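Participant: Okay, here's what each chain looks like letter by letter:
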Amino acid sequence: MRPEPAVGDGYLVTRAQEGYLDAYEMLVQRHSAMAYRVALRLCGNHHDAQDIAQEALIAAWQNLARFRADSSFSTWLYQIVTRRTLNKITRSRGADLVDVLDEAADPITGPAAQAERNLAVDAVTDALAALPFAQRAVVVLHHFEGLSYAEVAEVTRSTVPAVRSHLFRARRTLGAKLEEWR
Amino acid sequence: MTGSVNDPPAGGQADTHLLDAVTLPCGADVDPLLEQVADGHAADRDAHQRDCVHCRAAIAEFAALWTPVTETAASPVLPPAGLTAAIISQIRGQVRDGWYTLQATRLGFIRIAARIVAALARDTASMVPSVRVALGRSTHSQIAALTEQATFGHHHPHAAVGVLGRTAVVDLAVAVTYGDPVHELARDIQQRVIATLRDQIGLRTVAVNVTVDDIFIDEDQ
Chain A
513 MRPEPAVGDG YLVTRAQEGY LDAYEMLVQR HSAMAYRVAL RLCGNHHDAQ
563 DIAQEALIAA WQNLARFRAD SSFSTWLYQI VTRRTLNKIT RSRGADLVDV
613 LDEAADPITG PAAQAERNLA VDAVTDALAA LPFAQRAVVV LHHFEGLSYA
663 EVAEVTRSTV PAVRSHLFRA RRTLGAKLEE WR
Chain B
57 MTGSVNDPPA GGQADTHLLD AVTLPCGADV DPLLEQVADG HAADRDAHQR
107 DCVHCRAAIA EFAALWTPVT ETAASPVLPP AGLTAAIISQ IRGQVRDGWY
157 TLQATRLGFI RIAARIVAAL ARDTASMVPS VRVALGRSTH SQIAALTEQA
207 TFGHHHPHAA VGVLGRTAVV DLAVAVTYGD PVHELARDIQ QRVIATLRDQ
257 IGLRTVAVNV TVDDIFIDED Q
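Residue numbers (the numbering used here), protein chains in the order written: chain A, 513 to 694; chain B, 57 to 277.
For the record, the hints were derived by calculation from the structure and aren't laboratory data. Check the hints yourself; a few may be wrong.
[Claimed, not checked] Covered stretches of chain A, as calculated for chain B (at least 3 residues, CB under 8 Å): (1) 526-537; (2) 587-596; (3) 632-640; (4) 664-671; (5) 679-689.
Since this is a predicted model, take the numbers as computed values, not measurements. Beta carbons are placed, not taken as given, at the ideal position from N, Cα and C, and that holds for glycine.
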C-alpha cells in the first residue's frame, strides 16, 4: 500500500462534503491523535479524553456541511474539542484535577523509568490542572499545540488581547507553582 | 501584584519577588519577559536586555522555571490503540449503506457491501503511477436509477440490490501529479479498476466514473 497521500486537509474536507467517506477517514487518521492529546491535557482524564476525541470527530463529520473553508479543519476541530471538554468538565466537576498524563503511560517504557521521567511532567500537570479552564485552554493551545495568538483567539472565539491577557496570568500562576515544586 | 523588584535579582527569595512584581528595577515589564522566554525566544535579547543585569537575570531565571513546561509539551502523548479505528467504525455505522452486490451460486448467495467495492476501486486507482490520492464511493444515485429501471420502479431496498446482482457503478475522485496526459491516466484508472472489480469481486458489469479534480506538482522532480 502507498504511504499517506500528500494532499491538504482542504481537499479532503471538500471531497468528504461530497460524500466520499474515504476522505473523512483520512482526516480522522490525521487528527484523532491531536483531538485526544488536547482533550487529555484539558480534562486530565484518559477515559474522558478518549470519549471527547471520538465525539468531536463524529460531531465534525455530522456537521461537515456547515464547515466553511475560511478556517482550517484543524482549527475547527480544536474548537470542537475545547468546547466539548469544557462541557464535560462542567457536567462532572472534580474530574479535571486528575493528573493529565499519568494514565496515558508510554507503553514502551517501564514503570520506573516512566515515574522518573514524569516528575517534571507531573509538576506541570498539577499546575496546569489548577488553572481556571480559560487559562488552561490558552496555555495548552499556545504553548503545547503551538497555535499562534490569533489561532487561539479563533478557537476560543475570543480576541488576541484577551488571549494574551489570559496567558500573562496563566504563566505567572504556572511559574509560581513550578517554583514551589523546585 | 504591585511595584518592582527591589532586591538584586539573583536567585533565592528574588525568584518569588520576580513573579510578584510588575516591573524590574530597570523599568522592564515582567510579563513580556516571561512571554519571551515561554515562547522560546530567551536568546533573542534586545539592546537593553543585553546590557541590563536585571533583565539577564530574570530571563535566566524564567528559562529555568519554564523548562519543565517545554519538556512536558515536547513529551509525546500517544492516543490509545484503536482510537482511530473506533471513530471510523462509529461513522461507518451511521452511514446506512445497504447496498450489496449479489451473486447466486449453487452453494447459496454471495453479498458484498458496496463499501468494499468502493474501497477496492480506490486502492486500485491509488496504485496507478501519478495518482496522488484516490477516493472511492459507491454511486448511490446511479445505482438507484439502475435499480428503478431494472425493477420497473418497484422500490424494495434488499430486493433492489438483488436485482442489481453483479452490476456496479463506482465514482472515483482522483488527484494526480502534473506530467502525464490526464485523459490517458483516467482511462488507465478505469481499465485497471474494472479489471480488479471483475477479478476480485466477480462483477460482470462495471462502470467507473473518474473525476480528476486536482493536480499537484511533484516536489521530488
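Participant: Evaluate each hint against the coordinates.
Facilitator: Structure-based check of each hint:
Counting residues of the region 526-537 of chain A whose beta carbon lies closer than 8 Å to any beta carbon of chain B gives 9, which reaches the threshold of three, so the coverage claim holds. Restraint check on the region 587-596 of chain A versus chain B: 0 residues with Cβ-Cβ distances below 8 Å, three needed, restraint violated. Counting residues of the region 632-640 of chain A whose CB falls under 8 Å from any CB of chain B gives 5; the rule of at least 3 is met. Coverage of a stretch by a chain is defined here by at least three residues with a beta carbon nearer than 8 Å to that chain's beta carbons; for the region 664-671 of chain A and chain B the count is 0, and the condition is violated.
Residue count for the region 679-689 of chain A with a Cβ under 8 Å from a Cβ of chain B: 7. That meets the three needed, and the coverage hint holds.
Violation of the numbered hints given earlier is confined to hints 2, 4; the remaining hints are satisfied by the structure.
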